[in-house]
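Residue numbers (the working numbering), protein chains in the order written: chain B, 121 to 415; chain C, 496 to 764.
Check the hints yourself; a few may be wrong.
As the list claims (entries may be wrong) - Below, a list of computed lysine to aspartate or glutamate pairs in the EDC-like style, where the Cα atoms sit at most 16 Å apart: (1) B:168 <-> B:184; (2) C:710 <-> C:657; (3) B:127 <-> C:588; (4) C:667 <-> B:308.
Claimed, not checked - Covered, in the sense of this in silico footprint (three residues per stretch, anywhere, with C-beta under 8 Å from a C-beta of chain B), are these stretches of chain C: (5) 569–583; (6) 609–615; (7) 628–636; (8) 654–662; (9) 671–679; (10) 740–751.
Derived from the structure by calculation, the hints contain no laboratory data.
Where a beta carbon is used, it is the ideal one built from N, C-alpha and C, also for glycine.
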Amino acid sequence: MITKRAKRDFISACLFLVPALCLFLTFKYYPLMMTLYYSFTNWDGFSKAFEYVSFDNFLNIFHESKIYGAFMNTIYFAVISILVGTAVQLGLAIILINKLKGNRFFRTILYMPSVISSLIISLTWISFFQYNGIINRVLESVGLDMLIRNWLADADITINVLAAINIWQWAGYGMIIYITGLQSIPTEVKEAAALDGATGWSKFMRITLPLIMPAVTVNMFISITGALKVFELPFILTGGGPMNSTNTVTMQIYNTAFLSNQFGYASSIGLTFFLFIAILTLIQLRITRRMEVEY
Amino acid sequence: MIRKFQYFVLYVAVAVISIPVLNIVLSSFKTNEEINRVFTLPSSLQFDNYRRVFESSEIPLNILNSLGITGSAILIAIFLTSMASYTLARRYEAFFQLIYLLFISAAMIPVAANLVPLYVLINKLGLVDTRTAIVLISAASAIPMGILLYTGFIKGIPKSLEESASIDGYGKISMFFKIIFPLLKPVTVTYAVISSISVWNDFLMPLLFLRTESKKTITLAVYAFTSEYVNDWGAIYALLTIAFIIPVLFFILNQKHFYNGMTDGAVKM
């Protein structure tokens, strides 16, 4: 009798999973399997017939400088966004953890850009960064003409402009996660650290940072996956230019599939991209998890 | 001294964040000649730009589409993930742990990696240029976050509650809907609030699948409008103001849930 009941329980437990699993397998894992399948073909998206081309697509990825460049641009964009972004977010969080007047107001304003679509954010910044835009005009009017740049059409700096906008958008979001982390540090630990004479930089490096590592882990995960997927910023602001310097992987996949109709090739870039993100985030989770301490 | 420095940093940050946004709002009231003069106030409060936006586009319809798509996707996601999480939180067998991992690890699959097969799949299902396509894809994308939030929350509900309900003769399904689901309200609200923003803001999926003007979401409509009325910056600014004021108001009214979502879901990852 008991086994019969256990069996019934098991079946009803599974039934609760089925609807979610169906939707999820159909729109997440089935496409991933198909990406794997298409990536070994030369399908153009329309023809009924296509051929198995073994690893040709993958070999091409590393030989075609535009695609190789897209990976490099995306990595560069992510690294700048994460390094500078973390410094900004953590800095703001450390200030706002103090009981300052207007705390709520500051949090609200700083968080705001992260609820707005990146598409709208990109359009918002056009009027600032275009050549006869607000930034250059302000520079001119204060006599800093030598700083005037073609912000959106200079192969050396445009990717940095995009990273800056990304950092601007997500500063408040990461800040809130760090505030949560900072608030969870027990007061006894802070008092003990103060008694031992820990102050300033050494207190931050030896006490605060290890204790907020869980927040760092989460934040890094969100920033890495978010920054690597960037699409709207280059799509709107630069179209991938100048000289492909802001061409990102997501844009490259979109263009390869829907502009050049190379569905098979686009799939192999997509699969490489997935493996790349998976490996990178797993390494990151291992490293930051190991730095977490117990208290 | 340190206090003053901290306030200084905060005010600079607030200025940097709000100047671009204020520029949009101010410019939306300027005539196209005035827009070239930055940092000036509009000569008079005129709504001409807004009138042009409403005349030359189907913005009210696009906003309704976004509301409908976001609402449906989130409702589906709430229903599916709360049920699945009930099993995942209560069963400890390796099989269920594996399914939990299957759900959570999908957060690493970038949409771009699946772009081609998604397009083929939606085509095969006959869902190209339908809002249903966006609803299904968005609901599926919202699942990992929901599983994470609900499973954590349900683990905190004492099992004794279900034991006594089962003595009272509740079956599994009625127990879930009558006893457990009402208890999940706080986490449901948090989940609905934070996931709706990402569904609302999505651009790539609508761009890929929606063609007809009257079916487009607001984000896609903004894109279509800016590529058509390239030189009418007054109208573009008015449209941008309309487009971002909705999520911003939504955020201001639901702030608490955004912050709670971070502490409940994200940090316990």
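Checked hints:
Taking the CA atoms of residue 168 of chain B and residue 184 of chain B, the gap is about 27 Å. The hint is violated against a cut of 16 Å. At roughly 45 Å between alpha-carbon atoms, residue 710 of chain C and residue 657 of chain C are farther apart than 16 Å, so this suggested pair is violated. Between the alpha carbons of residue 127 of chain B and residue 588 of chain C the distance comes to roughly 13 Å, so the proposed pair stays at or under 16 Å and holds. Proposed proximity of residue 667 of chain C and residue 308 of chain B is contradicted: the alpha carbons are some 45 Å apart, above 16 Å.
Taking a C-beta to C-beta cut-off of 8 Å, the region 569–583 of chain C contributes 9 residues in contact with chain B, enough for the three needed, and the coverage statement holds. Against chain B, the region 609–615 of chain C contributes 7 residues with a C-beta closer than 8 Å to a partner C-beta. That satisfies the three-residue criterion, and the hint holds. Under the rule that three or more residues need a Cβ within less than 8 Å of chain B, the assignment of the region 628–636 of chain C holds, with 5 such residues. With 0 residues having a Cβ less than 8 Å from any Cβ of chain B, the region 654–662 of chain C misses the three-residue criterion, and the hint is violated.
With 1 residues carrying a beta carbon less than 8 Å from a beta carbon of chain B, the region 671–679 of chain C misses the three-residue requirement, and the given coverage is violated. Given as covered by chain B, the region 740–751 of chain C passes the check, having 6 residues with a CB less than 8 Å from a CB of that chain where 3 are the minimum.
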